[in-house]
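Model the full assembly from the supplied sequences, consistent with the hints where possible.
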Amino acid sequence: MRAHLILKDGTIFRGRAPLGFGGGGEAVFTTAMVGYQEILTDPSFAGQMVCMTFPEQGIYGIHADLNESGRPWATGLLCRRLSFVPDHTRSEGDLAGWLKRHRIPVLSELDTRALTQYLRDQGSQPSLIWTEADGSLEAGVAQAKALPDMTGQALCAEVSCRDRYELNPGGAFRVAVLDGGIKQSILRQLVAAGLHLEVFPWDTPATELAHKRFHGLFLSNGPGDPAALPGMQAEVGACIGQLPIFGICLGHQLLGQAFGGRTFKLKFGHRGANQPVHDLMTGRIEITAQNHGFAVDEASLPAEIEVTHRHLSDGTIEGLRHTKLPIFSLQHHPEASPGPHDAHPAFQRFVELMKKHN
Amino acid sequence: MPKRTDLKSVLVLGSGPIQIGQACEFDYSGTQALKALREEGIRTILLNSNPASIMTDPGRADATYIEPLTLGVLEKVLEAERPDAILPTVGGQTALNLAMEAHESGLLQRTGVTLIGAQPEAIKRGEDRQLFKALMDDLGLETCRGGFAHNMGEARDLLKLTGFPSIIRPSFTLGGSGGGIAYNVEEFETIVARGLDLSPTKQVLIEESILGWKEFELEVVRDLDDNVEVICSIENLDPMGIHTGDSITVAPILTLTDPEYQRMRDAAMAVIRAVGVETGGSNIQFALEPETSRIIVIEMNPRVSRSSALASKATGFPIAWVATKLALGYRLWELPNAITRMTKAAFEPVLDYVVVKIPRFTFEKFPQADKVLGTQMKSVGEVMALGRSFQEALQKAVRSLEEGHKGLSGALEGKLDLGRLKEHLIIPGAQRLFWVYHGLKAGHSVEELHRLTKITPWFLHEIEEIVVLEGRLRSFPVDRLPVDLLEKAKRAGFADDQIAVFCSGTEAEVAARRDALGLHPAYKRVDTCAGEFKAETPYLYGTWETAAGAEVHGASLRLKGSAQEVRYVETSEAPPTDRPKAIVLGSGPNRIGQGVEFDCCCVQAVEAIRASGVEAILINCNPETVSTDFDTSDRLYFEPLTYEHVKAVVDREAGAGAEAYHAEHGPEGGAQEGPRKAAGGHLLGVFAQFGGQTPLKLAGPLHAAGVKLLGTPLSAILDAEDRERFGQVLKRLDIPAPQWGMATSFTEALEVAKRLDYPVMVRPSFVLGGRAMAVVFDDAGLEKYMREAVAVSNDQPVLLDRFLEGAQELDIDVVCDGEQVVIAGLLAHIEEAGIHSGDSYAVIPALGVPEGILEMVKEYARRLALDLGVLGLMNLQFAVKDGIAYCLEANPRASRTVPFVSKATGVDWAGVAARVGLGQSLRQQGVTDGVPRAVSVKGVVFPFAKFPGVDPVLGPEMKSTGEVMGIGETFGEAYAKSLLAAGIPLPLSGTVFLTVNDADKVRLPELAHKLVALGFGLCATEGTARTLESVGLKVRKIFKVNEGRPNAVDLLKNGEVQWVINTPLGRAAFFDESSIRKEALRLKIPCLTNLSAALAACEAVETLRGEMTVRAIQSLG
Ligand SMILES: Nc1ncnc2c1ncn2[C@@H]1O[C@H](COP(=O)(O)OP(=O)(O)O)[C@@H](O)[C@H]1O
Ligand SMILES: Nc1ncnc2c1ncn2[C@@H]1O[C@H](COP(=O)(O)OP(=O)(O)O)[C@@H](O)[C@H]1O
Ligand SMILES: [Mg+2]
Ligand SMILES: [Mg+2]
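Quick note, the sequences are listed as chains R and C, same order.
When you line the first sequence up against my numbering, it's residues 1 to 358, in that order.
When you line the second sequence up against my numbering, it's residues 10001 to 11117, in that order.
If you're looking for bench data, these hints aren't it; they were derived computationally from the structure.
Owing to the predicted nature of the structure, the values given are computational and were not obtained by experimental measurement.
The C-beta atom is built at its ideal place from N, Cα and C for all residues, glycine as well.
Do not rely on the hints blindly, as some may be mistaken.
Unchecked claim - Cβ-Cβ distance ranges computed for the label pairs, FRET-style:
(1) G20(R) / G10518(C): 17 to 27 Å
(2) P302(R) / E10142(C): 22 to 32 Å
(3) G10(R) / G10518(C): 15 to 25 Å
(4) T151(R) / V10483(C): 55 to 65 Å
(5) T10114(C) / H344(R): 33 to 43 Å
Given below as structure tokens:
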């Protein structure tokens, strides 16, 4: 079925809706060439329609062990071409069918490069997949213009676990994990690091998170605008100084705010599996997986916070460290999935930190 | 830490002549390396024997040595130049091996020169399969079960371990020469024997077979801080068992999940670190078993490789340039990303398109060759295509091959005997892709084809979709083609002319239909970052994005009955500039008869155009070349060289259909409301004379479409190309030509032959590289030829020429500006006419040819150029007999010899021609006849070693893959060097075996006396011996192969003969001779097949015995 992508600013891209229905969300692009399933199931993409810049999607189908969470959280897939015949000896079905089952709309045959360049120049923005069946383009444009912005949106409640649960009991260290929409691969890495995890919902108070039975606290990734989560921020703040803390992505941003810093929305964010990060402690480059639309504003940080990692392309903060307390955080995703494993050692770094401070 | 400051001068080793397994990709990498070095103010010295390369143009290095790539020469160059370091990693296996020789012989230590890029230990670990295997075990990475054998005994033991089929691969050979797959004991023993013989270390690797596994390659770079990144991942469509160089490959890897890919990436990083390649690029190959995801490491090349060139063009990331900077001590994060300019080289390129590479084979040249593809590389060139889907890229690539395929259904439509489908799918050959297509078309299932070919099903499914589309297209006449279907077809890579066939219309009608429906190609940038950053470099490819559709044009449209303004974003980027500009058409894939030398001409032309303040736009589809480097031209369109693709670029650059660029949102200015002024304009025209026959073929259609040809006009091209018309021109200008005639049937041919009388030279009209040419001596031969040739020439008439026996052949290149003609170079062939100009050694100045003749030939050339109205380059070939110079042919374009002549005379003749095309007269340019600055001999190399069983005899059909240059003060020195560079080290003593035909017996004594004077012993066959004895020479008589034992071949085998001189005796003795020549080839005993060359060789031997000197071409004349 013919369909259009309508951006909030009224810009229109042509395409087709192979699943026959439309939808909406913030249009963002990722340059990762593989890993559509991990991306679509990454809770950090909640509320966003993902434009895959690589034109061939769905080639190897769907695999149970590639899910980053129980379901796809992205609200749409924007792509150039969708394969309906999965090719993999171990795939359990095709991408299109899987998306249909989860009612995730697809806009394919789209000029994803033109869209990417437009978002790059004009910034990510709310948008609609508008099919012929949805009515006149005019009506679509009117609707698109009324869409809410991502700034100010708190989405953790949607994606976080409802109740506390444990993983890998008997692990060397006992770690509280604050789940703002955590990826399975992060949990896998923490477990692989030999940690006993207790995973808590996003709105858990500091008193529980910093309980004395814990050797450390881990702050997960998550969707939406970190500035819209004052509650979480306060609780994280209350934990500072009580135990070693490691934060990734949203966790990193929450720490930044808890330290007294501000976050701001990047024009089109960093999303991909080829993002070069300069590790200022070793002087070396890590090729990292990234997925964030907001970043910590360096100028707003107090003196005792040291920048340990920078994005090589735009110099934005990729890692922070507290000079006095056992706290560090990364904006990129050391667990990768999808992406290179260069930053894996970060999890070991967390373990070492707990060794030193327990 | 920034770059090393201790390096003031660096020697770059080139890869020598183009040969199978080592083509012009190393011209690309060497050229980039030189650029990278000079930018740092480092004095650059280049050693490369290949004159057809761009890198050996005088301006590219401070001191350029066009000399043989041997240890002896290297030593002299080191002594003369005293460089601080040698960069051995951009000249392929040849450079790497030479560097290792220099290391092991102690030359490096003695001269205090170090290697940069890769250290000897690392090179050893990477190249020596034994060390490498051990290393992989330490890393816990899997390699194939198997081991090394140094003799048949060890081999047999290993066979017990591997079983059949078993893979046999000699160590340290190029492109896997001598390797193979053995299915039975007999094959096993033959391949092992051959492998042991070919391996410089007399060592073969014998491995279990993992035929049918998926094969992958990763291009990896590393810097001194141990930062490692993967530049490009490549998936082979053809599974394990077919050499990557002979496989259709795709970038990036398509059919792996992220965990599978990351495991491979982790392994690659472990490998490059363990091998210890300090800096620069490496190529690592893997195999993956689909069922289990088991990964096996196949090999690593610790240097820039063929795949690196492909990876560079596929991603836009200049691997060789970066590798060189890293070798100087830069860190990846210190280097700019040359395409975005704003980001750094420390990142991993991402693509937003699919790249397909298809190898180009030339089996038609070697009928007796084994055409089955295996572990040894056999292709001579390759094409690359970019598209926004695999289907599009695949069909574009197929078209780029210039083998007559309009797309996948291809030229073989209806020509394949589907009864033999299975066999052609199981036993891979050059045409397998088309068998797959027609198999699917015939209704065979993807599953079945997968079972037979082991090609990953997804690729087969995609191809099946193309089959289905073809079916749907066939059900419409052109003027009824529905927009959705036509759009889908174009996006799947169907060409207009192909659709025309399906819908029984013309290409023009299909194009018109497209226009009517608002379907236009879009042009996208290759930017290394999938659009994440603005790119500055116009490296472009064409594709098909969702049609604007009739209803929209330009930035905004008012929705019907509404005040609502909405904006559509258009899809093309990098709109044409409004500078004056000229398009240069490239030469497409390398093949025998059209290789790197034409790319060299294109690049010289492009540089001249840029220097004249005109924007140079290049179109080409060959990823191995310098011309397809994004910074060679002002604008690069990586597109097939077919009418549709070229015309589309012309239209775009001329500004036609400019409305298609409205609301350009690209880097040139962000999204904007309202129509923008039509882009483009000022297109001066198109150059069709630098890329060989490829662009020349397009000249007609382009001219017909009203496109201006720069330089030589179409009429002149036709006058020269069309034999009928050319014959008349020659008559009118009374320039002698061999008597000739045309025939379309055997009976016609008989009559013509009677008129000309035998021997006659026969060939189909309109062919390059002497394709399907032959000399026939009698009616029987003629009949046989007509039967076969008429097939090749698909019913175009066959040409018959009076064959001028024993004539002296001359090659002349001229430039004409309409008023004046300058002679660029006049070459005398060493072999007599009858051996293709591309295959014969030639010398400039034309030594040994009477002044009078030379003047006559120059005069003829001037007359012809002016009369035809040539504007730019023209090449002529003459055969001189009995004081008469007969014109054999005219090529109204840059010829194969132009780069060689440029080096010999120090003038960039293609550049001169380009300036003429832009309206600058020769007088204005101040160019005069080229003056040879020394004696230069062009030598040639043949691929016979790659085709065991092929008779290495030469004839009018071109067979060589590459050329070398020998520069000297005397002819002897130059010729000796050219032979040395071509890998034919003449013996300085020993026994010469002579067997020559009657015609040659006249000159035989002269040769024999020379040989004896040089101290050689003589042995000869009956007839030849009698002649020698008759002039009182001592000679040992030996049997012909079929006369008894010990015969000639026995002597060769026993090492009793060091040199063979055998001029063909004609059909009778054919078997006998070819077995001698084949044996000589196998044993690497020099074998000259004609007397002139042999006489010349005697002079060479004298110089070889003395001291040889080397000179930089910059120091000549
Ligand atoms: N064990 C094997 N089983 C099947 N095919 C193999 C095996 N080893 C190598 N090959 C095939 O042979 C080709 C050449 O082998 P490779 O080690 O890459 O030699 P080269 O140095 O010539 O590239 C590979 O591309 C692969 O397709
Ligand atoms: N009439 C002839 N007599 C002798 N040799 C000839 C004659 N015509 C062509 N040849 C030989 O055949 C070779 C190829 O012929 P040519 O016309 O140059 O074809 P191509 O277009 O392949 O260069 C020439 O280089 C020459 O050696
Ligand atoms: Mg290989
Ligand atoms: Mg010729």
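Each hint, compared with the structure:
1. G20(R) / G10518(C): 17 to 27 Å: Between G20(R) and G10518(C), where Cβ atoms are some 25 Å apart, the hint holds.
2. P302(R) / E10142(C): 22 to 32 Å: violated (51 Å)
3. G10(R) / G10518(C): 15 to 25 Å: Holds - the Cβ-Cβ distance for G10(R) and G10518(C), about 22 Å, lies within 15 to 25 Å.
4. T151(R) / V10483(C): 55 to 65 Å: Check failed, 40 Å falls outside 55 to 65 Å.
5. T10114(C) / H344(R): 33 to 43 Å: holds (36 Å)
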